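Student: Heads up: the sequence lines are chains A and B, in that order.
As numbered in the numbering used here, residues 1 to 143 make up the first sequence, in order.
As numbered in the numbering used here, residues 1001 to 1116 make up the second sequence, in order.
Please note that the accuracy of each hint is not assured.
Restraint ranges, calculated between C-beta atoms of paired labels, are given here [unchecked claim]:
1. A:Gln80 <-> B:Thr1052: 29 to 35 Å
2. A:Ile115 <-> B:Lys1081: 25 to 31 Å
3. B:Thr1100 <-> A:Arg113: 58 to 64 Å
4. B:Lys1081 <-> A:Arg42: 53 to 59 Å
5. B:Asp1087 <-> A:Leu7: 45 to 51 Å
6. B:Pro1034 <-> A:Arg83: 29 to 35 Å
7. B:Glu1038 <-> A:Arg83: 18 to 24 Å
These aren't lab readings, by the way, just hints derived from the structure by calculation.
All figures in this text were calculated on a predicted structure; none of them were measured in a lab.
Every residue gets a Cβ at the ideal spot worked out from N, C-alpha and C, and that includes glycine.
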Amino acid sequence: MTHVFNLRSIFLAPHAQHVVLIHFPIALFLMGVGFDWMAKIRHSARLLTAAHLNLAAAAILIVPTYLTGLLAWRLALAGQKMRGVLLDHLVLASATTLLVITTWWLRSRPRSRPILLALVELMGAIGIAVTAHLGGFLSGVNT
Amino acid sequence: MLRLHSLLVAILGLTLILAVALRPSSATGQTAAPQAIEIKVDNFTFSPAVVTVPENSTVTWTNKDDVPHVIASTDGVFRSKGLDTDDHYSFQFTKPGTYTYYCSIHPKMTGKIVVP
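Can you make the complete structure from the sequences, with help from the hints?
Tutor: Okay, here's the thing in structure tokens:
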């Protein structure tokens, strides 16, 4: 059986990279949304900058996370047809990836409508939470 | 003289009866018949986790979980494709040995097949 500190299993297991990477966009996006809403309440430019930086980092990191997820499917399951929880996870992950990138894009535009931004942020946060829940279930953590 | 002869015949007969009754089963040269064993993959565990089967037995794993699993022996003797819900995978154990296996997606799931 693989040892917990076996570097080969940590870095080269077919689905290991996705499981490691996913934590970063989740944390960055949720913190970014939190900072953005706090910035609006407190009228703080510094919090707004923090929000922008977190959302930007989330949008950048979600791309390799999404790609390593697809890679995990190709390598661990030989790309066989998806169904059930795995398919739900992929569909939600695709939608959430778009929402995270859209949030960053809207946040970067000076003339974005605040209500639209808040709505996309809320949908992104819900999407990321549900996708993460399914991902945790797939990995066996949520059992 | 006749009593002694009868006693010897009786002892010999009793010895033969005991020898037949107490002989080990392997002395017949027969081995246990192959079996078909089912292992359920449910709630991220193999049930039963340890199975002892006669040579040439076929073990079938059935995935009852909502998530895919891949059955793989640690020494590479067998490996299933990704098993979705209610999918099966069978392998015939033709050689004696202890076969440890796990789910390659969820390595904490382990099991063992013993072929004496």
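Student: Each hint needs a verdict: does it hold in this structure or not?
Tutor: Quick rundown of the hints versus the structure:
The supplied range of 29 to 35 Å is met by A:Gln80 and B:Thr1052, whose beta-carbon atoms lie about 32 Å from each other. A:Ile115 and B:Lys1081 have their C-beta atoms about 48 Å apart, which leaves the hinted 25 to 31 Å range violated. Under the hint 58 to 64 Å, the C-beta atoms of B:Thr1100 and A:Arg113, about 59 Å apart, fit the expected range. B:Lys1081 and A:Arg42 have their C-beta atoms about 54 Å apart, which keeps the hinted 53 to 59 Å range intact.
Range check, B:Asp1087 to A:Leu7: Cβ separation about 32 Å, and the 45 to 51 Å hint is violated. Checked against the given bound of 29 to 35 Å, the beta carbons of B:Pro1034 and A:Arg83, roughly 34 Å apart, stay inside it. Taken as a hint, the range 18 to 24 Å holds for the pair B:Glu1038 and A:Arg83, whose Cβ atoms sit roughly 23 Å apart.
In summary, the numbered hints that this structure violates are 2 and 5.
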